[in-house]
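Participant: This is what each chain is made of:
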Amino acid sequence: MSRWQFLPVTFGVVLAMTAGLSAADKAEDYGIPQVATINEKIRLGWEDYGISPSPEEIDTVWARRLFLDVLGRVPSVEELNEFQRDRGKDKKKNLVDKLLFDEKYAEEYARNWTTIWTNVLIGRNGGTDNNSQISRPGMQKYLRDSFARNKPYDQMVKELVTATGANTPGMPNFNGAVNFYMDKLAEDGVQATAKTAQIFLGMQVQCTQCHNHPFNEWKQEKFWNMNAFFRQTRAQRGQMPVGGDDNMRAMTLNNVDFMGEGRNINNAEIYYELRNGLLKVAYPEFLDGQKIPTSGRVSEVNRRDELAKFIVDSENLPEAIANRYWGHFLGYGFTKPVDDMGPHNRPTHPELVSYLGEEVRNNSFNLKDLIRWITLSEAYGLSSRITKANALDDPTVGEPPKFSHFYLRQMQAEQLYESLLVATEAHKTRGNYEAQEKKKSEWMRQFVTAFGTDEGDEATTFNGTIPQALMMFNGDLVMDAVSTKQGSFIHRMAAEGRDGKEAINHLYMATVARRPTRNELQAANYLIGVHKGDMAKAMQDVFWALLNSNEFILNH
Amino acid sequence: MSFAPQGMTRRHFMSHMAGASAMIAPSLMMGSAIQANAQELKKRGKSCIMLWMGGGPSTMDIWDLKPGTNTGGPFRPISTKGDLQISEHMPMTAKVMDNLSVVRSMSTREADHGRGRYYMHTGYVPNPNIEHPSYGSVIAHELASDHNELEIPPFVSVGGGSVGPGFLGMSWAPFTVSSSGQVRNLGMKGWGNETLQSRLEMLRLIEGGFVNQNRGPAAMDHAKILDKTVKLMTSDQMKAFKVNEEPEEMKELYGQDGFGRGCLLARRLVEAGVPFIEVDLGGWDNHQNIFNTLADNKLPVLDRAMSALVTDLKQRGLLESTTIVWMGEFSRTPRINGNTGRDHWARSWSTVVGGGGINGGIAVGETSSDGTRVETEPYSSEDLMATVCRAMGISLDTTFTSKSGRPMKIANGGKVIKELIA
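Those sequence lines, one after another, are chains A and B.
Counted from 1, the first sequence has number 543 at position 544 by numbering that gives the first Met the number 0; the numbering is strictly sequential.
Counted from 1, the second sequence has number 130 at position 131 by numbering that gives the first Met the number 0; the numbering is strictly sequential.
Extracted from the complex, chain A is given alone in its bound form (with noise of 0.2 angstroms):
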């Protein structure tokens, strides 16, 4: 156990600590090897820049934090108890461990982990466009039933690269995989290669299909190589559904032979253009040089079940997914962004990554376990505060971040709405999955602007701007969370008869999951007494302020 871990940690303190770590400060590991290997090296990275780590961070906090990046919303107060009163040295295990393999929390993670993964793989805007072949209620139900069974990262990524089906549920042969694709195979699935080596195997090729990228390996040729295993990939119209709507576009992802633009089966190639004009042969071929049969029968070779099968096998695959989750979870992956890893953008920590990648790969590509071993490094515990010690770590000024202290950043919008339907307990008498999704997407969409380009780009508002903090400050979701009304959360606590004391710090613990200080519990007296004792009045001040503090809206 660290020294550093018994100081006493209390608001306000700064905690200067001296460079040199010596191999006597080995951080708790919870006797998780992969747990022990992340510590040791991020903690050989504080020791090459000669700057300590900030002290940890207070449990409900780190709990708070934890909620956040597994489960998507804030942890409610009764559960923030429950942690508390466990006072063994593994409560933080036990946390991570309940969070995700606790039946209670199964249908939550699954709920995340979609909504994370569809924003990945069909973007915010995805399906919600009436002209769009995507069904997004079709790859939420296929992301849904991954993560709800935890299936291994490879086997979805093989599914994902193979799918054949119908996109909408409720069409015959079925299958959401396919919506990955859906929209991405126009100009000969230009953006089905992009975002297959961006997304699965951490490389960013979208520049090369005109020319050679200015400083990455990629060539052009290698970008039309890959591209010719999308070649027999063709999206077609599908039978509607019983009792489909009118917004639903069933279409049908289907693999057809490809006669090759030199109309020989046999040998079924592609053309691209150099930019002085001429035109240059390409068949399958994968990043590694690795080649399959050239025939355009699907029978014979079946162009994308061979891509998946590199896909799976390349070491790129086990290393984009740990910098993903890295990055989701520490608020920086090893390399920005997270998905164009190579020699032209250095990992900070190289060893840690092929390390992890090695040990997702050892350990049957289970994200669970990847998790676990993430939340619960020593790392993933400081404290937001930034001290003398590590105030060079500074990645928003272009510095390699190297995790000495926890790295603030702005709840997605995804997150604030779950963490407020939780905070007025309004998530106990929610209606159905898909009601909730629906209701949950069109808020969405008030913060997401469409750049119209064929690849989907998109950008949000909920940035932590002025659209930002005009929804907070007057939005229905905030106003409605506040509101002292019949059977509003409010109302009912202030019903309750607590005292003005119980109710402040149930507030307190439901937002930032800490106590007020002195001061803050006195200025909530004092509102109780500008509100002539009217407690329901009090407490919607008070809880207004909570949820537009930073403190809220960032998970720190």
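I should point out that these hints are in silico values taken from the structure, not numbers from a laboratory.
Fair warning: there could be bad hints in the mix.
Here are some chain B residues the structure puts well away from chain A; computed CB gaps all over 12 angstroms [said to hold, decoys possible]:
1. Lys188
2. Glu245
3. Glu248
4. Met249
5. Gln255
6. Asp302
7. Asp311
8. Gln314
9. Arg315
10. Ser394
11. Lys417
Which residues of chain B face chain A? A few of them, derived with a C-beta cut under 10 angstroms, are [said to hold, decoys possible]:
12. Met201
13. Ala222
14. Lys227
Within a straight-line C-alpha distance of at most 35 angstroms, the following computed DSBU-like cross-link-like pairs (lysine-lysine) qualify [what the hints assert, rightly or not]:
15. A:Lys531 to B:Lys223
16. A:Lys439 to A:Lys367
17. A:Lys367 to A:Lys150
18. B:Lys402 to A:Lys40
19. B:Lys65 to B:Lys313
20. B:Lys414 to A:Lys335
Using N, Cα and C, we set each Cβ at its ideal position, and we do this for glycine too.
Following the hints, position chain B against chain A.
Facilitator: What follows is chain B alone, placed relative to chain A:
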């Protein structure tokens, strides 16, 4: 410090809170809204309107036609009121081209949407280690002091996403609104100023506790955003966004579509003193069926709104102080592809600038007869940005310091396109 809730006056409460959150600046002052009237705003400084064509418009079908060549496509050139010809599908704009000039010798290297959007908005190629500020943030930052009375954010993005403030920080982020000028959640529903005030004081106390614990600049920025938001909620100037209150003839002049409405809103925002407005018209990623799409859909919308904007600004005496920039992230291949479309092309293309500080009515630079090469001095995003900054009176010696202490020249040290400077 002791705190006696019972016997305390409101004034004490406030001062106590102020002490607890002294680190936050500026204060969340209520009632600071200056009731500025439209006349006073006439003293307003310069503005810039960027018409952003998301997706990469085919400039050789709009501004630099090559009729009768393999690459030229079916459109014919027409004469304009300036000293240049443009596409037959831009007849109304042709009549105001004496105020606008085309840079026909743009040559850039970013032919990916994301990278191109970033590069054309900032003058810098994307770099994973640093985020550069975009046009709107740079110009708003430089001109903010000339717009002291402004309570609307100085960089408004209409109907689109734009590119952010980078290392200049959240205060210079685009304020994004729909083209109808709708600002969501502006009104306090059923709660008054009094309530807002006590809630804000409570909020300040909580914020102070958090920020004072050294959480870095993002946490500090939040307080500034809250301040600006309160100002916005209580500001009379927000009337500028009520674009639907314009007379029907005016709406008709600009076009009854999102882009037309956005351009009309841009003019209102210029009148209100906003230094930078970006209006988005997407849908130029025409890999297929490009000529029908341009002739039937995109160009009529662009032509009407762009010409109306120039005309309207001029009639109001605002064109002299308002610089206009028209551009996308790149253009499209001279070669017409198998789907009667054009693909991404950045090596030889056009942008348009005009209005305040810019010589109108000329074409700068030339491309080869098939449009595949620039034959005169090539211009970059940096050069265009430097030209716009110069036209607006912003010194090109201005240097920003990124958070890591790296000095960074405004417009990335681009060179001014001399023919354009009045």
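Participant: Hint by hint, note whether the structure agrees.
Facilitator: Status of the hints after comparison with the structure:
1. A beta-carbon of chain A is positioned within 12 angstroms of the beta-carbon of Lys188 (chain B); the least distance is around 6 angstroms.
2. Look at Glu245 (chain B): its CB is around 23 angstroms from the nearest CB on chain A, clear of 12 angstroms, so calling it non-interface holds up.
3. Every CB of chain A lies more than 12 angstroms from the CB of Glu248 (chain B), the least distance being 30 angstroms, so the non-interface label holds.
4. With a minimum CB-CB distance of about 26 angstroms to chain A, Met249 (chain B) clears the 12 angstroms threshold, and the non-interface call stands.
5. At roughly 20 angstroms from the closest C-beta of chain A, the C-beta of Gln255 (chain B) stays outside 12 angstroms, upholding its exclusion from the interface.
6. For Asp302 (chain B), the requirement that its beta carbon stay farther than 12 angstroms from each beta carbon of chain A is met, with the minimum near 19 angstroms.
7. In this structure Asp311 (chain B) is separated from chain A by more than 12 angstroms, as the shortest Cβ-Cβ distance comes to about 26 angstroms.
8. No beta-carbon of chain A comes within 12 angstroms of the beta-carbon of Gln314 (chain B); the shortest separation is about 32 angstroms.
9. Annotated as non-interface, Arg315 (chain B) keeps its C-beta farther than 12 angstroms from every C-beta of chain A; the closest such distance is 28 angstroms.
10. The claim that Ser394 (chain B) lies off the interface holds: its Cβ sits roughly 25 angstroms from the closest Cβ of chain A, which is beyond the 12 angstroms cut-off.
11. Every CB of chain A lies more than 12 angstroms from the CB of Lys417 (chain B), the least distance being 29 angstroms, so the non-interface label holds.
12. Interface hint at Met201 (chain B): satisfied, since its Cβ lies 4 angstroms from the closest Cβ of chain A, which is below the 10 angstroms cut-off.
13. Given hint, Ala222 (chain B) at the interface with chain A, holds; its Cβ is 8 angstroms from that chain's nearest Cβ, closer than 10 angstroms.
14. Interface restraint check: Lys227 (chain B) against chain A, minimum CB-CB distance 6 angstroms, threshold 10 angstroms, status holds.
15. Taking the CA atoms of Lys531 (chain A) and Lys223 (chain B), the gap is near 32 angstroms; set against the 35 angstroms cutoff, the hint holds.
16. For a cut-off of 35 angstroms, the pair hint linking Lys439 (chain A) to Lys367 (chain A) stands: about 26 angstroms separates their Cα positions.
17. At roughly 10 angstroms between alpha-carbon atoms, Lys367 (chain A) and Lys150 (chain A) fall within 35 angstroms of each other, so this suggested pair holds.
18. Of the pairs offered as hints, the one joining Lys402 (chain B) and Lys40 (chain A) holds, with about 28 angstroms between alpha carbons and a cut-off of 35 angstroms not exceeded.
19. Of the supplied pair hints, the one linking Lys65 (chain B) and Lys313 (chain B) holds, its CA atoms being roughly 31 angstroms apart against a limit of 35 angstroms.
20. Between Lys414 (chain B) and Lys335 (chain A) the alpha-carbon distance is near 31 angstroms, which keeps this suggested pair within the 35 angstroms criterion.
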